[in-house]
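Below, each chain spelled out in residue letters.
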Amino acid sequence: MSLTSLLKNNTMDQLITTSKRFFLVSILALFISLPGLSKNENLPARTAEMLGTLTNIDRNDTSLPEFESLIQEIFAGKKVQKQAKPLLVQFFKSEKSFAGKRFVLQELEKMGTPSAVQFMAELLTIDTSSELALMALQGIPGAKVNKILRKSIKKADPSILPGMINALGKRQDYRATSIISGYINDKNPLLATTAISALGKIGTPDATALLTRAMQSGNKQNQFIITEALLDRAEQLVKQNQTNRAFEIYNSIRAADVPEMIAIAAIKGKMETSSGNPADILKEELSTSPDHLKPGVIDLVKNLPASWKSGREFLQVPGLQDIDKSRLLVILAERNDKSIFDEVNQFIHHKEPVYRESAIYALTKIAELKDIPLLAELAATRSEKEQEIARGGFYRLPGKDVDAFILQKASGTQDIAEKTEYIKAIGERNIPSAAQVLIQTARNDNRDIRIESYRSLAKVAGKENLKELTELLLAAENSREKQELERTLYLVSTKEGQENAATEEIVAFLNNTPEKEKKSSLISVLGSIKKPGDINVLQHYLNSEDVDIQLSAIRALSEWPNAGPAENFKKMINNTDDLRVKTLALRGFTQVLVNDGSYPNGKKVNELLFGLENAPNVNEKKLVISALGKVSSSESLKALVDHLKNPGDLRPELEAAILNMVPQLMRENKNNTTTELKRVKPYTSNAEILKWLNN
Amino acid sequence: MKNTFFIALLITITLPAIAQMEPLEISLPQPMFVGTPSNFAVENLEEPLGEARPPFLAPSGTKNVAFEKAVFSSFEPRKGELWRITDGYKEATSYSYVELGEGHQHITIDLEEICTIYALTLWHYHMSARVYLDVVIQISDDPDFIMDVQTVFNNDTDNSLGLGVGEDFNFVETHEGKLIDTKGVTGRYVRLHSKGNTDNEFNHYIEVEVYGKNLD
Chain A
69 MSLTSLLKNN
79 TMDQLITTSK
89 RFFLVSILAL
99 FISLPGLSKN
109 ENLPARTAEM
119 LGTLTNIDRN
129 DTSLPEFESL
139 IQEIFAGKKV
149 QKQAKPLLVQ
159 FFKSEKSFAG
169 KRFVLQELEK
179 MGTPSAVQFM
189 AELLTIDTSS
199 ELALMALQGI
209 PGAKVNKILR
219 KSIKKADPSI
229 LPGMINALGK
239 RQDYRATSII
249 SGYINDKNPL
259 LATTAISALG
269 KIGTPDATAL
279 LTRAMQSGNK
289 QNQFIITEAL
299 LDRAEQLVKQ
309 NQTNRAFEIY
319 NSIRAADVPE
329 MIAIAAIKGK
339 METSSGNPAD
349 ILKEELSTSP
359 DHLKPGVIDL
369 VKNLPASWKS
379 GREFLQVPGL
389 QDIDKSRLLV
399 ILAERNDKSI
409 FDEVNQFIHH
419 KEPVYRESAI
429 YALTKIAELK
439 DIPLLAELAA
449 TRSEKEQEIA
459 RGGFYRLPGK
469 DVDAFILQKA
479 SGTQDIAEKT
489 EYIKAIGERN
499 IPSAAQVLIQ
509 TARNDNRDIR
519 IESYRSLAKV
529 AGKENLKELT
539 ELLLAAENSR
549 EKQELERTLY
559 LVSTKEGQEN
569 AATEEIVAFL
579 NNTPEKEKKS
589 SLISVLGSIK
599 KPGDINVLQH
609 YLNSEDVDIQ
619 LSAIRALSEW
629 PNAGPAENFK
639 KMINNTDDLR
649 VKTLALRGFT
659 QVLVNDGSYP
669 NGKKVNELLF
679 GLENAPNVNE
689 KKLVISALGK
699 VSSSESLKAL
709 VDHLKNPGDL
719 RPELEAAILN
729 MVPQLMRENK
739 NNTTTELKRV
749 KPYTSNAEIL
759 KWLNN
Chain B
8 MKNTFFIALL
18 ITITLPAIAQ
28 MEPLEISLPQ
38 PMFVGTPSNF
48 AVENLEEPLG
58 EARPPFLAPS
68 GTKNVAFEKA
78 VFSSFEPRKG
88 ELWRITDGYK
98 EATSYSYVEL
108 GEGHQHITID
118 LEEICTIYAL
128 TLWHYHMSAR
138 VYLDVVIQIS
148 DDPDFIMDVQ
158 TVFNNDTDNS
168 LGLGVGEDFN
178 FVETHEGKLI
188 DTKGVTGRYV
198 RLHSKGNTDN
208 EFNHYIEVEV
218 YGKNLD
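Protein chains in written order, with the working numbering: chain A, 69 to 763; chain B, 8 to 223.
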């Protein structure tokens, strides 16, 4: 008879009497709980079955939903189900299945019930599972876990003690302060450093005070960790806007005997958290810090607010050495702190070059219009290194008023060296509208001034100055100046968009200048510019009756980018008896053929063979053979192979030329190339050529 | 007795000559790297000395006759100015070197008069270790290098410059520069060829010093 049918039975009321009502309720409860009772009765078996399965899993991410519900069932109440606990303890004591243990603990971490927490606390004492248990416990929030961790710490497995202390630190459990502090001088360095770090994380005034005392007590072994923990704490306080407390920490670190890096960090912290003027802190430090700290202290000047421009106060701190002042000058100058000008000026005349160099550098950073003559003087008179530093500042000083001042000085200054520096600065600064000033200085009596003017003109002159530049070239007194002016004229002529105008001016002068040296000079410039339209002008001068002009035209056309002048050169090679003309024409002929990538190979080889036959000596033949080696064609190879039969003094060059082209020819036509190479076999012992044949 | 006389005579003749030889004073720039790397894929590479270069002996009175002399180049430099090659400044800085275009390029120094040349030192570039390729150095009285051309160095093993096959070693650029014994040749013009380097196609010069004496 089921309970339901019993209740429905009409005979029930007759059976019940008041005195028996309690008994009935008890029976009812027993029936209701019967299914549960039947489950509990199976719990050990089901637990054993689960643990048997878990023993054999080897992946942490295994999904076992049926076991999740069983674990929930076991740990649902305040206490763990008695029937299952011994089996679980046995499982966690075993050496088996890391993944299985982890699965159970992850479930317990998710549940976080008192029975789960309590069970995990018990596992902390079992060496085979303590680490996993601690990991799971850490993930459960709340004071209850903190309490368990605190209570467990003394009986915990020693291997997880650092982990427990770390966990308490991470959880910022301030109640653990006194427990943790017991470990900061522990002989085990890992335990000690973990405790120090944990106190830093807890961060309460008590914890901080403990760390401060440890630092002051001269705990050298862990000093770095202690101070690092304190610095971290101070940073946290700054973020929380508790700057006064942070300042106290920084101050205590600075007062202790700590390594240089920590001391500098503490001074920086003091500057950032002080309610007063951070510059005063630096001044105090400059005055009292030992020498080895000074560079770091000076470097902190960079951290002062940009608006603070009273650096001179630092330089007046008593007891500073020149090396400190020199460093200060550089850093203050980089902040554009002009208050230091007098000290910079003193150091510019220091007896030690390294201090002078620093001071000149500082000057370039703070210089104004009024300081330009000083920079020019330094650029003109000092050692090479100092000159370069001074010039750097001179050239970078901004402002149109600076440009105007430099132009005025370039015209007016009489001192040759300083005038040269002003002229150089015009070019380096590329001062527009300076060309007329430079054209004037280019006519100066002094050669250095003239040459510097030509160089600056190359940078600032434009097409409107071409006539004057050409006149300067035609008036040049020596080859050095002529060379500089030819270069200037070339550079100005080839500035973007000026090529046409430029060569028209030069050609006009060329036609009207009777002197051959001047003509040669202008021909050379035209050759450098290589304007296609000017080939006719240059070809005309190839026929000049004056051999020097003829030679200038050959040189000018020798680097022509195509074979345009080749025919002219060929005629000259055929017709001249002048060795110089013949040689230069041959070189030009060879070069323009090599330069012209669109010239047909067969034709090119024939022309080069003409050059080889007509070369006036062995040296020039070497040049032509090299050119033949650059034309990778069967015709060229054939010609070289033919010559190798009777090589004279040219064997190495012929072999080199063959080897230059063989790799490409072998790729293109192996059979023909091998056949051609076989012809050469009796005439060469060159290992590389023979290697190609054997391959 | 006769032998003793000849030995004394020989000593008398050779002693002044020996006494006139002096080590060249070659000021070196700051090194930019330690040692001489040799891991270049370049054949025929000179073994590093592993120590400072020994002094070079030259007749007393020998000086750098190229100092502040005009320099010409095959093409207008891409960077820098030619006068820097003979300005005496040989530190490896961003402004001290001249960069010529790619491929075969040359510079020519005009010593302005014919000199006896005992050695030259060349700094292509020593900001980083590299090898310049097909280096050929010639000296001549002739600005066009047509007559009386003397090749004092040539490591162009495949005649790619057309100046003949050379047998000298390739060398790694260092702050010591490359010293070349020119064995007292005479000439007015010194021409230095190269064809790129192991880092790029360009040609560079920081300084060239030519040690010699003017012909009296």
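These are computed hints drawn from the structure, not numbers from a lab.
Among the clues, some could well be false.
[Stated by the list, open to error] Among chain B residues calculated to face chain A with C-beta under 8 Å, some are:
| # | residue |
| --- | --- |
| 1 | Val156 |
| 2 | Asp165 |
| 3 | Ser167 |
| 4 | Leu170 |
Model, not experiment: these values are computed from the prediction.
Every residue gets a Cβ at the ideal spot worked out from N, C-alpha and C, and that includes glycine.
Checked hints:
| no. | hint | result |
| --- | --- | --- |
| 1 | Val156 | holds (7 Å) |
| 2 | Asp165 | holds (4 Å) |
| 3 | Ser167 | holds (6 Å) |
| 4 | Leu170 | holds (7 Å) |
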